[in-house]
Structure formats: C-alpha cells, structure tokens
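S.K.: This is what each chain is made of:
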Amino acid sequence: MAEFLQFFFSGLTVGAVYALVALGFTLIYNASDVINFAQGEFVMLGGLSTVFLAMAGIPLPLAALLAVLLTIAVGIALYYLAIEPARGASAVSLIMITIGASIFLRGTAQVVFDKRFHSLPPLFGSDPIRWGGAAILPQSLVVLAGAAIIVVLLWLFIDRTLLGKAVIATAANRLAAWLVGINTRQIVGLSFAVSAGIGAIAGILVTPITLTSYDVGTLLALKGFAAAMLGGIGSALGAVVGGLVLGMLEAFSAGYVSSKYKDAVAFLIILIVLFAIPNGLFGRGKVERV
Amino acid sequence: MSILAAERLSIAFGGIRAIDQVSLRIQPGVVFSIIGPNGAGKTTLFNLFSGLYRPQEGRIIFDGEDVTGLAPHQLARRGLSRTFQNLQIFYRMTAIENVMVGCHRHERTNVVADLLHLPSVARQNRRTRLAAQSALAQVGLQSDTDRLASALPYGALKRLEIARALASEPKVLLLDEPAAGCNPVETKELEGVIRSIVKAGVTVVLVEHDMRLVMNVSDHIHVLANGRSLAEGTVAEVRRNPRVIEAYLGTHDAPEGQDTEEAARALG
Amino acid sequence: MREPASHRLALLGALAVVIVLMPLIFPSAYYYRVGALVFIFALAAVGLNLLMGFAGQVSLGHAGFLGIGGYAMAIGPVHLGVPPWASLLAGAVISAVVAFIVGRPILRLKGHYLAVATLGLGVLIAIVLTNEASWTGGPDGMSVPRLVLFDWAVRGSQQWYWISAATFLVGAILAFNVIDSPTGRALRAIHDSEVAASVLGVDVARGKLAIFVISAVYASVAGSYLALINGHVTPDIAGFLRSIELAAMVVLGGMGSILGSLVGAAVLVVLPQTLTILHDYEHLVLGLILMGVMIFLRQGIVPSLAAAVSGRQT
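Keeping their order, the protein sequence lines are chains A, B and C.
As numbered in numbering that gives the first Met the number 0, the first sequence has no gaps in its residue numbers, which increase by one up to the final residue, 289.
As numbered in numbering that gives the first Met the number 0, the second sequence has no gaps in its residue numbers, which increase by one up to the final residue, 267.
As numbered in numbering that gives the first Met the number 0, the third sequence has no gaps in its residue numbers, which increase by one up to the final residue, 313.
Be careful, since some hints might not be right.
With a straight-line Cα cutoff of 25 Å, these simulated SDA-like cross-link-like pairs (lysine to any residue) come out [said to hold, decoys possible]: (1) B/Lys187 - B/Tyr247; (2) C/Lys109 - A/Ala90; (3) B/Lys198 - B/Met214; (4) B/Lys170 - C/Val194; (5) C/Lys109 - B/Ser149; (6) C/Lys109 - A/Leu273; (7) B/Lys170 - B/His208; (8) C/Lys109 - B/Arg91; (9) B/Lys170 - B/Gln132; (10) A/Lys261 - C/Asp139; (11) B/Lys170 - B/His105.
If you're looking for bench data, these hints aren't it; they were derived computationally from the structure.
Build out the structure end to end from the sequences listed, making use of the hints.
M.R.: Set out below in structure tokens:
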C-alpha cells in the first residue's frame, strides 16, 4: 500500500507537469492548428533561466519572475518570427518549423547556459512528509497546487473575460472571428505567450524535484503531446486529464513493470490512441468534405 | 438489364438523412441525369455509387453484381469512373500525366518491375501515353499535353478530369456538375463531348444544374429533393411535372396553367 | 519538380563523373570519409524522399530503420554468428517486415497525426535499442565487425567512398525508375488527391505501404553502411534527432527531387564537419536551417534553383 501511494504521488506530480505542457499544446493548437514542439523548451527555459539568473546574484523570486517573462518573450518571438510568416503552410511543415525551433532553443541553451544538471531550492524545504507509509516531497504539493491554480485561472480567463471569449471564437473559426473584428493574429500571439508562461512556471516549480538541463525539453514535449493526444487534442480538460493519467501510467509501469521502459509508455500511448481512439478521451473529430 | 442500379439506398450524417430510400435503374448506353435543388443529395448519391461513402441501408448493383460497400478502387476496376464537382486534379502533374493515371487499372506492371525498369515497363509507359493522348484529343486538350495542370484554366481542368476518367475505359461514367462555372460556349462544347462519349458506348450519369444542358442531352431524368426521389421520366415528362416545378420554384397564388408555363420555361 | 527521362540519364552520368573525379581534389584521406557519409545519408534521404516528396506522406521516425540496419551489422556477427553480408540483407528484410506490419495501421493517418505516429515509432525503436543491453550493448552500443566479401576485407575510408557512392547511384537509379512508371504515377496521384486516385483504380493503402517498405529498406541499407564505416553503433543512430536530420535533408534539398536529397545530405553532413571547432553550435544551426527552409525556401534548394534558372514561378 505504501508503495502504491508512493507511485501514486510521484505519478501525480510528474503528471501535473505533463498536464501543463499538454495544456500549452492545446491552447496553441486550438488558436492556430499548430502542434508546437517547442512547448517543452518553455519548461526548460523557465527552470534554467531562473537558475542562471539566481547564480548571477538576482534574488530568487525576482529571478523566477524574470525567467517567466523571458520565456513569454521567447514564445511571442517564436510566433511572430517563425509561425506567422509560414501561415498557410501544411500541417507537417508547421510541425517541422516548431521542431526546428525546439532544436534551435535547445542549441542556444547549450551555448548560453551549459550542459550540466541544475537544481533550485524547494519552496518549503526538502523534508518529506510521511503519509500512509509513503514519503511525499513538499515540492510535489507545490507543483500540484500550482498546476491547479493555473488551470483554474485559465478557465476563469477563458470563461469569464471578453478576451477569453475572443480566444474561443478564434479557436472555433479563425476566419469568422477575424471578420467580426477580432485581431486574430494578436489572439494567436497571446496563446503562444500564455502557453510559454504556463510552461515556464511548470519548469520552475518542478526543477527542485527533477532537476533541469538544456535537453529536458524534447522528451517533455513528446510526453506532453502524448498526454494531449490521450485527452483529445483540442480539449483543455482532456489535456489535464491526459497529463495526470500519463504521469500515473508512467509511475506505475516504472514501479511494477520495468523502470527501463518508463519513457516508452508515452510513445506507446501515442500509437495506441492514434490507432484505437484517434479523438482521444474528450476530443471531437473533424469531418473532411469531398 | 440495368447497368447501374440503386435499391432503397439510404445514408444519414448526424441526424440528417442525406439520401433516403432512393431507388433507380440506369440502362446501358444512355445519358441518365440526376437533378434537384441544392442540398438534394446528388453528390452524396455519386459518393455512394463511387464507393466513397458506404450506404447504411440498401444495395448498389453494378453490371449484375452487388457492389455495395466496395472500395472506390475496386469499383474503378469494374468499370466505374467519375469526375468531381470540386475538381480533384493532380495539380503537380502535367495534363497528360493526369490522364495517364486514368489508365492505371489497365496497367500490367508491378512494383518490382517498375523499380528495375524492365522492358515491360517502358512498353507499358508507351502504351499508356498513347491512350492518354487519345483521351486528351477526345476532349480537345491535345495542345496542352505537357503543361502543368496548375497552369491550366478552369474550363480546361473540367475537361481534363473527363479525359482522365475516360482513360480508364469505364462502362459507366459519373459526371458531377461538369458545366459548373462554364460559359455558354464551353457548355455547348461539353454537350458535344458527352454525346461522343455515349456514342462510344459509355453510359453517362450526369448531375447538373444547367437545365439547358440537361434537357438537351438527357435520355432519362431522375429528380431528387431532400434526399428522396421526387420524380422520374423523360425530359418532357419531368419538365411538366408539377411536383418538380414546386421543388425548384416553390408555389405562389396564380392560375395553375400560368405557373406551369413559366416554370417549364425556367426549367429550360 | 521531377527531372524528365533524358535529363535523368544525363544527370546520373554527370553525377558518376563527379564521383569519380572528386577524389582528385581531396586534400587528405579524411575527405573520403566525409564523402562516404554524404552518400550513405543521401541514400537514406532518397528513400525518405520517395515517401515524403513523391507519395506525400511523412515519417519523422525513419532513423528507426537506420537503427535496425545498423544494429543488424553488430548483433548478426557478434551474437548470432551471421556473416556481415548476410546480416546486411537480414537487416533490410527485418526493416521491410517492420515497415509492413506497422505501416498498414500507421499510414491510415494523415498530416500531423502521421508525423507524430512515425515519430513515436522511431523513438520506441531507439528506446528498445538502448534498453536491451544484453543484445545491443545498451547506451554505449556495440562494436561492428568489418565487412568481408569473399576474401576481401573492406577497410578504410577510401573503399567505403566507392562502395557508398556506387550504392547511392544504384539507389538513385531505382528511384528514377519508380518515378517514371505506373507505380510512380500512382504515388504522385496519391500525393495530390487520394480520393481521385482511388476512384481511378489506385489501391491507395497498398501504394502507401509499398513505398513505406521501400523507403525503410533504403534507410536500413544506409544504416548498415553507417555501422560498418564507423566500426561501431550506438542507439542514437535511431534517435529522434537523427530522424529529424533525415527529414531535414529531404526538405532542404527539395521534396520530390532526387538530386535534392544528395544536396540536402551533403549540406547536413558537411556542415557539422566544418563546425567541429564550434561543435556546440551544431544544434543551434540545425534548428535555424530547419526553420529557415520551412519558412523561406519551402520548395527546397534544388527545385528553387531550377525554377530560378528556368524563370518559372513555383
């Protein structure tokens, strides 16, 4: 039982990160039909920038804030410099652009920062909390709480503000939204900015547990994408559920089956979802007209 | 013995019955037209015939064989071909290459032979190119043989699709709104093309909005409205059918005779 | 963009001449190795180009087949006592079988779903290669015994230059053959309109599967050569980055251009070599190239040049 709880919590924690990455994917995909592989790099940038800014002497909270702003700026730049000029390109071209961007960001991080693993001090110390025989890091709870807060804030924004409505409109039908006067370019740019911010915050929160380095982004992006697919690409609820489920599946399979193949779980899920339930758990399909 | 028949064909999308219990029989060697107001289900019916949709109820009989549920390429190999309302041209290929693909079902090489470019492949390429050239000539596009399809004007592309469909030497050719977007001159040329196709022994099933073309070229007309069969008969019979007139024009309060005359004129 | 038949023959001839004459200007033996690597990757790129550029599909996991071919050259001789030439064939057959089995369900997907599915496949292969250490030597890989044909042990970059150049030429000829054939026309039709192709009698599913298998075999042979020339194979031969590099070669050179695949491979092989001093900048540059090409030079190098020369708009 203690073991089960242990896996449950570690699965939940890493699942929360996947959920946030998946949420970022979903936001951007809904607003622009782009699958943004650089999503994982946002997480990496959040954590790693905070580390290096703090190393440069800036107090940690400020470093974190600056890191988030920096990542948001990168997200916006990604949209306006790489995605927007290619508007009208095929889905595959756009994926390759974002893959190129993620490789570029990774390569830049390699040069600007370094290739080592780095950590950040946890928010509430590193003494694990004992519960039911399992040892839970306080930072895990921080990650979970942070993720929950972000999801709620995002939901409030989408549901309760005018700008949020504009985002929904753009997601539903970009042309129509544009015709009624919504500045769709800015909306898409906003979605990139918000996704980048969410990713950065996730990175900062989880670094005390998982450490960070210049190349954590790739695997995170792929897993976040698997989570989004599982939940149904285009569904925000699906993204969150998918992320948590993926995290749990990983933790349990690593614990009970084989820890070597932990990373394979996400890819198996991708393939299974695409073959068996292409629309995921909560997604809706599109009809092709001849 | 009909060459193509539908028996109580039905298909629904979401809650909408796009085709509802439609039955018809098409005799070989005629021009059989399917007309009806927008949304009547004409293209859906074509999609059912050509295997792109699978009917939920009913059967399709082609040349004596129950072909319900067969895939498009299987139907093509039995001699059914079609053109598309929204042009499905191979834009990255030249005009003649487009038509050469039409010959696919008659080509006799396999992947390995193609990889090795055995002599049989060169011979097949030559035969296919000749057949394609003759199909292009049939629709009057011989001067555009090696031009990239994306460079051709709309009217030429419509004819190109017909040439491509003809290259497969079909028994039945489904033409989906071939005159859409064509000017009167082009439509008149199209009439000639259709007649020559029929003279060569191909059965033509036509979906069209251009009533003049339909009335001039059809041997038999089937009228659809809201996914259901409304009327059927010769050109003269259908023109005067009050239910057909009503489906196209609606009704208004005027002496019945006057209505029918106006409508008959409007229907060409 | 494709080259017509007469041009193709001339092109191949010119290529053969260049291949033969190039060593005359090589400053050192090292360049033979670079040349060999270019032809090896160009071979894989040609196969992928048939899939992506002509048939209009996408595979972001093609390095998985490089991995199968590469590890066959290690596992065969070392663990199973199979001579290298037979291992090469076995690797190709295994790749073909894997492509055949996985291809049918995977190729039903389109667009970004297909891209991600193939990506997942490639990464899974890489993970298996990394984890099954008893067979594959784990993350550090395995050493690969030399290729011995009859009594001749293939050794040295010079010999590999000629072997891989010749193999590439054969691969290019086969590719040109396919393009100018009923199969090739059917594939290009599938690319432009699957619906129209099927209505004309093309078995779309079978066509896509056939070209997927063929492109897998190309990659497998290239992977085998890669393992042989290096004398060593590690799991990142099958990794995500390698798959992206392959796709980048195809896109950079020009989708649908066989010559373009050679050019793309040349750029992406030679560039890191020139950047060895700035080795750390390799990824940065690769990312920039990828983005730049997809945004500004979407046709790829060779078709863009060809269009510029002929004055035609693409």
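S.K.: A separate judgement is required for each hint: does it hold in the structure or not?
M.R.: Okay, the hints, checked on the actual structure:
For the hint pairing lysine 187 of chain B with tyrosine 247 of chain B, the CA-to-CA distance comes to about 24 Å; that is within 25 Å, so the pair holds. In summary, the hint linking lysine 109 of chain C to alanine 90 of chain A is supported, as the alpha carbons are separated by about 10 Å, within the 25 Å threshold. Under the criterion of a C-alpha separation no larger than 25 Å, the hint pairing lysine 198 of chain B with methionine 214 of chain B is consistent with the structure, at around 18 Å. Pair hint lysine 170 of chain B plus valine 194 of chain C holds up; C-alpha atoms about 20 Å apart against a cutoff of 25 Å.
For the proposed pair lysine 109 of chain C and serine 149 of chain B, the alpha carbon gap of about 23 Å is at most 25 Å, so the pair holds. Distance hint between lysine 109 of chain C and leucine 273 of chain A is fulfilled; the C-alpha atoms sit about 11 Å from each other, no more than 25 Å. Among the hinted pairs, lysine 170 of chain B with histidine 208 of chain B is consistent with the structure: their alpha-carbon atoms are about 24 Å apart, no more than 25 Å. Restraint check for lysine 109 of chain C and arginine 91 of chain B: the C-alpha separation of about 19 Å stays at or below 25 Å, so the hint holds.
Of the pairs offered as hints, the one joining lysine 170 of chain B and glutamine 132 of chain B holds, with about 20 Å between alpha carbons and a cut-off of 25 Å not exceeded. Restraint check: the Cα-Cα separation between lysine 261 of chain A and aspartate 139 of chain C comes to about 19 Å, which is no more than 25 Å; the hinted pair holds. Annotation: proposed proximity of lysine 170 of chain B to histidine 105 of chain B holds, straight-line Cα distance about 14 Å (limit 25 Å).
Checked against the numbered hints above, the structure breaks none of them.
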